[in-house]
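Please arrange chain P on chain X, whose structure you already have, making use of the hints.
Number of protein chains: 2
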Amino acid sequence: MIDPKRLQKYSNITRITKKDFINIHPIQAAGKLTPEAKKVLSEFGDGYSVCDMCLEGRLDTINKPPIHDFLTDMAIFMGMDEVRPTAGSRMAMNIIFKVIANPGDVVVIDSLAHYTTYLAAEDNKVKIIEVPHKGHPEFKLNLEAYAEKIEEVNAQTGKKPPFVVLTHVDYNYGNVNDIKIVSKICKDYKIPLVVNGAYSVGVMPIKGKEVGADILIGSGHKSMAASGPIGVLGTTSEWAKKIFSTSTIKGDWSSRQFLQKEYHFFGCPPVYGAPLATLIASFPRVVKRTKQENWDEEIKKIRYFVTEMERIEDVKALGVRPKQHTLTQFETPSLYEASLKHKEKGYFLYKALKKDKIAGIFPGSSKHFKLNTYGLTWDEIKKVAEVFQKIAEENNIKIN
Amino acid sequence: MIDPKRLQKYSNITRITKKDFINIHPIQAAGKLTPEAKKVLSEFGDGYSVCDMCLEGRLDTINKPPIHDFLTDMAIFMGMDEVRPTAGSRMAMNIIFKVIANPGDVVVIDSLAHYTTYLAAEDNKVKIIEVPHKGHPEFKLNLEAYAEKIEEVNAQTGKKPPFVVLTHVDYNYGNVNDIKIVSKICKDYKIPLVVNGAYSVGVMPIKGKEVGADILIGSGHKSMAASGPIGVLGTTSEWAKKIFSTSTIKGDWSSRQFLQKEYHFFGCPPVYGAPLATLIASFPRVVKRTKQENWDEEIKKIRYFVTEMERIEDVKALGVRPKQHTLTQFETPSLYEASLKHKEKGYFLYKALKKDKIAGIFPGSSKHFKLNTYGLTWDEIKKVAEVFQKIAEENNIKIN
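Residue numbers (this note's numbering), protein chains in the order written: chain X, 1 to 400; chain P, 1 to 400.
Chain X extracted, bound-state conformation (with noise of 0.2 Å):
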């Protein structure tokens, strides 16, 4: 039996993290809601509140409200031909996975990148062989190795990767890399290139085909202010007809056909209530938050923030230098031995923060830890540098 006091709480379960808070969260700091989105998330509350005036059964095809167009101008915006929405870039990964290789390919992917592509591979059972990065500080992965690593797969199996996997940005040091380098080794050894990039489209410029990708995958709950879980997964139109293949099958009593779904998506893809209606709502202001300008601001923020960080004695921050993503890491070893003498211990560091109203780094971590300083302002961001400091210097530790 339920416990009747466990369901009582259910019915009013609140954030931790207040809206008046300071949030940089490394994976909510760009997902934050815009206000439109907030608009349409009350409007489009409901599950299939977006299926309305569905026509064809099929979610790209809707117009009201404007999917099918959303849909294009997403692709345009991403610079791929055509784009579907996913439950996360994870699953849009999965599906690459799924359909573009067989179970036993070898599939080159860097070693900066997501949990997610890794599991990917595993749950296609297709193996990976990864592109070794340059470690501690910088962790910068060596791109040119793509080249070397395709003809190690091809002497061990005796045939090209399907596909190989390039983290745009990764989400352990915030390292950008350039997607060209790769995309003309790919070229080379003609194998299409898919390039992971939840931490760039929608924050940062990019152009799918114009770097050389020939599948693209975004991410709206992390990098398009979008309540989620919604991703993008955009392909050239080369790839389109295998990835967004539809179905075939048919009853062998029945002769029942579903001949508009596209089956890898599960027929509609699982995100047609709120996901997807934030998202297209934020769009606009998406568009313009990813102009070079803006994005060059945040640069300068981030750079500032690091600075200042690193006037705390031992802080250092890791990854390229200088910055070129608002998502960063923190080595600390200064805050962890403060942490060794305080009572909260490796807590300390999370509550002193959250008194200040400033949230978002993982509770428990003082040795090192990651944020993003996505969309914050000038005031928000000297806030932060400041109220870090503060916890410095109440701990003993020296502010150059």
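There may be inaccurate statements among the hints.
Since copy identity is lost for identical chains, a pair holds within one copy or between any two.
Think about it this way: if two alpha-carbon atoms lie no more than 30 Å apart in a straight line, the pair counts; the simulated DSS-like pairs of lysine-lysine are [to be verified]:
1) K209 to K9
2) K383 to K291
3) K39 to K18
4) K19 to K367
5) K345 to K390
6) K190 to K250
7) K64 to K39
8) K383 to K64
9) K64 to K5
10) K345 to K64
11) K343 to K288
12) K125 to K250
13) K18 to K38
14) K64 to K159
15) K209 to K5
16) K291 to K9
Don't read these hints as lab results, they were simulated from the structure.
Same frame as chain X, now just chain P:
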């Protein structure tokens, strides 16, 4: 380039079905948000909002909000041992075909199964063989035939099907199947039974293990008043380990591993903002509404409604009689005849209903249509029946 006029329209999208409409949409009626879900929808609108206090890197272990407790209680509610959320029941079904079957296997399914069951087979290169139904007008499944279909698979392939699927309540006629008949057959053959409860879990009483289900799938946005997309996959403890397998993949160069991640679910299943928060918030009310006496009342209402609808000449409810579920299909040749003479053609019914603030009949349908009266008050039921009768009369159709 993106047309700026198009861009403008995205930020202001609105629904066709307004808030003061009576909504009898077949896939929306039981998914409409509760007041509690509406509240948390805005609180947890951001995509990763439930991850504020993630300490173990896995969704189902989070305690603030109480996701871990909730999943325990959801398992009790479903009468299963363990539950994970998924991006809709279609994702859950896809996982089952991926994990329990191998490519080339043949699975027995009912011929009224949801189209996503067929697509799950196709996507995983699994073949299906259908258990027949008795055709028009009741479309009653021949549940005893599961035995002979299992034998057929055995004869064809030299081995038993890896599992069989039974759709508890089908999406075309709302027929309710007696799971025990099939589970007895499955026990005899020692084959796991997968029950699709997308139209039952959350609206009517069902306890999976009590009726012999090894796997029970439910839908949050279809039948549990959740924003979505979200489904639930419940298993017996016997099946939990295989279906909720944790990752063992290891980076060949980096040695990276993700040992705690359940890889068939993309690590954390993509439900980590509004979908899961609303499912949790609605849960206490959902538990209450599925009690037998409430369901009995829902059945009284649909039966009354069918009686009133069938007073309209040539209108007939399809499916097993008397109705055992609030989801119903009507065949309405008289309304179709009327549409041929009407200036709005096939859309006349949709538009006429809209005038009286009734939504949910597929636009363009008049020959036959589905609807779901779940959750309507007696007054609303009566109003909807009266409006249908009024529309019929306006189009010179006799009311008996």
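Do the hints match the structure? See the list:
| no. | hint | verdict |
| --- | --- | --- |
| 1 | K209 to K9 | between (49 Å within a copy, 27 Å between copies) |
| 2 | K383 to K291 | within (26 Å within a copy, 53 Å between copies) |
| 3 | K39 to K18 | both (19 Å within a copy, 15 Å between copies) |
| 4 | K19 to K367 | within (27 Å within a copy, 50 Å between copies) |
| 5 | K345 to K390 | within (18 Å within a copy, 71 Å between copies) |
| 6 | K190 to K250 | between (35 Å within a copy, 27 Å between copies) |
| 7 | K64 to K39 | both (17 Å within a copy, 26 Å between copies) |
| 8 | K383 to K64 | between (43 Å within a copy, 27 Å between copies) |
| 9 | K64 to K5 | between (43 Å within a copy, 16 Å between copies) |
| 10 | K345 to K64 | between (53 Å within a copy, 20 Å between copies) |
| 11 | K343 to K288 | neither (46 Å within a copy, 44 Å between copies) |
| 12 | K125 to K250 | both (27 Å within a copy, 13 Å between copies) |
| 13 | K18 to K38 | both (15 Å within a copy, 18 Å between copies) |
| 14 | K64 to K159 | neither (47 Å within a copy, 49 Å between copies) |
| 15 | K209 to K5 | between (55 Å within a copy, 25 Å between copies) |
| 16 | K291 to K9 | between (44 Å within a copy, 20 Å between copies) |
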